[in-house]
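Novice: Chains A and B are the protein sequences, given in the same order. Counting from 3, one number per residue, gives the positions in the first sequence under my numbering. Counting from 3, one number per residue, gives the positions in the second sequence under my numbering.
Honestly, the hints are just simulated from the structure, not real lab data. Please note that a few of the clues may not be correct.
For chains that are exact copies, the list does not tell them apart, and a pair is met inside one copy or across any two.
Stated by the list, open to error - With a straight-line Cα cutoff of 27 Å, these simulated DSS-like cross-link-like pairs (lysine-lysine) come out:
hint : residue 1 : residue 2
1    : Lys122    : Lys351
2    : Lys351    : Lys287
3    : Lys344    : Lys287
4    : Lys179    : Lys287
It should be emphasised that the depicted structure is a prediction, and the values quoted were computed from it without experimental measurement.
There are 2 protein chains.
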Amino acid sequence: MTTDTWIQPVILSGGSGTRLWPLSRTQRPKQMLTLGQDRNMIAATVARVSGPDFAPPIIVAGAAHEALVDAALDQESIGALILEPAARNTAPAIALAAHKVMMQAPETLLLVMPSDHLIKDTDAFHAAIHAAAPLAADEWLVTFGIQPSHAETGYGYIEAAEPLSERGRRVARFHEKPDAARAEAYVESGEFYWNAGIFLMRADAYLAALETHAEDIARDAATAWANRVTEGDVDRPDRNAFASCASQSIDYAVMEPAARKAVIPVDMGWSDIGGFAALHDVLPKDTHGNAVHGDAIIEDSSGTLLWAEDILVAAVGVDDLAIVATPDAVTVMPLSRAQDIKRVVDRLKADGRPETERHLETRR
Amino acid sequence: MTTDTWIQPVILSGGSGTRLWPLSRTQRPKQMLTLGQDRNMIAATVARVSGPDFAPPIIVAGAAHEALVDAALDQESIGALILEPAARNTAPAIALAAHKVMMQAPETLLLVMPSDHLIKDTDAFHAAIHAAAPLAADEWLVTFGIQPSHAETGYGYIEAAEPLSERGRRVARFHEKPDAARAEAYVESGEFYWNAGIFLMRADAYLAALETHAEDIARDAATAWANRVTEGDVDRPDRNAFASCASQSIDYAVMEPAARKAVIPVDMGWSDIGGFAALHDVLPKDTHGNAVHGDAIIEDSSGTLLWAEDILVAAVGVDDLAIVATPDAVTVMPLSRAQDIKRVVDRLKADGRPETERHLETRR
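Taking the hints into account, I'd like the entire structure generated from these sequences.
Specialist: See below:
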């Protein structure tokens, strides 16, 4: 790559998931947590796309998370911050970043990625970006397909068709989260990859595809951008126009209907840390398969995730559990049922429990 | 009983156990906890021996627990407080109470009992006391033997010999905590009862037996009492003399060697709540056998003790666990291994962890 094909990272920080509750909360989303790395996830994401090939990243975050983003990131490390006045999923969010780039260089390659994923092999990621760049420059909407390690039913899949370049292949189609049998078949075929929500594409190509396939979103996002308020490096798109946008993912609004779409298969130690089982997977473990974090002691146990945040936890004689403790909330469940945390959080939210929103104040 | 055979309750509050850690701590012993009753255990013990047959109780407590006892008890409900300047087990503690009573009426019957046991059937307890009183008045040292419900290895056993009265039997001997096979044999025989550490005996008879079988303890306790400082209803025995006392239980120092000892078998819903399994046993349970206390939700679980103290706990899909959470410490273990908490606490104490001593300050 030469300097005139700089990559513009666009980091999407709109999530407010609670799949790691009580670690993650509405006002303390996963991207702000430090999970098995030496910094919080959004800072690690920024660091992963620093260097001579990359422009300083554009962060697109919910306006409600402005203070959290400020606290989580070194301001020197980012190029711009776009604050969404409402949560409208990824298609409108990416449109805002594309408009910002269009003002300078419409053919700039946008590297769009979530702020809360782990990628252990940065070199493999960079190599995949390099492989994707010529296709993206040629107006392909390029996605990165994760080599599946197992028949996961929690992800969407990308089905690859004929080769377009040494590593790139045309996307036959995107598939929703499959059932177990279908997931098995996908993985067996060798033609399917996990959809990680990471994309490389020209800003103008994205906006053109959005105009073609989701005209309303394209119009509302353009209006929200045109009527923005800018202070320094912070852009605040117009609330009313943005609120009018349909809430749609880039996958649904653009990638699925798009004709010119490609995939770069990659194996880069990726995880979305989408639950306690995934967190257990990515953490270092003792010889009995226990992943232990914080002020904790564990004895005669195996295969357990024990996470103690500002609280002392002692576990004895347990197997394959998730034990996650904070000073105002604790959860205990088998790792195999970690997705059921959603049910718990939904029930707590229905009860109006503040512990789903934020940490209650405690002191030692 | 007539008024001249009033029973003088003596409630021993010397314990500082941590078998229910993190609920119980050195500075917050089990007798100060509210466990499945409507008041804390020492207050429930006091209430259990109120009424026309009983004098206001004498409390014997560690001097370090003075403030805790004050906070746990309504001062109107107790007769006197004896503060031990050092922990010297039960034989010296009871001697202090006996000396206090000797000043007024040497033949007074002392009803000695721990402050941290649960007795669900108070009527059965009172009936057993009535059955014991004539024997005790006749200078028998009377113990109450709990009808065993299973072959428990965690208690000492009392072996009964020939009848002495309608309900009373001579004690053949006391047995230490047995192994499993021996416990089975004890229970099968029908002649063995659990030693609950509850006694009825004349003050003078106890001191005479102590003089006979543990002369040094008798002397040191008498000196400590003679040199006490009394303020209102509070007696503070002399520190140096009491510290010289051997630390021995009444069982070892007096009951085992004594000749004139009797047992009243009784079935009164007794529990020492000596661990989480026992706590689970005595608490009300849902249809799946879960005992849930505090701010907790539990789903798809069975046979579990879930205790949440000033903290929110969510458990899903767990079976037969103890999950016990406070704002500064949490423990998770199978109920079948609840006795292993001792190992955990010993390790924490060795590490100098303050969480074994007291609750760290937290606020919501």
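Novice: Now tell me if each hint is right for this structure.
Specialist: Hint check:
For a Cα distance limit of 27 Å, the shortest separation of Lys122 from Lys351 qualifies neither inside one copy, at 34 Å, nor across copies, at 39 Å. Taking the shortest Cα distances, Lys351 and Lys287 sit within 27 Å of each other only across copies (26 Å), while inside one copy they are farther apart (33 Å). Proximity of Lys344 and Lys287 under a CA criterion of 27 Å is satisfied in both settings, with 25 Å inside one chain copy and 26 Å between copies. Proximity of Lys179 and Lys287 under a CA criterion of 27 Å is satisfied in neither setting, with 29 Å inside one chain copy and 40 Å between copies.
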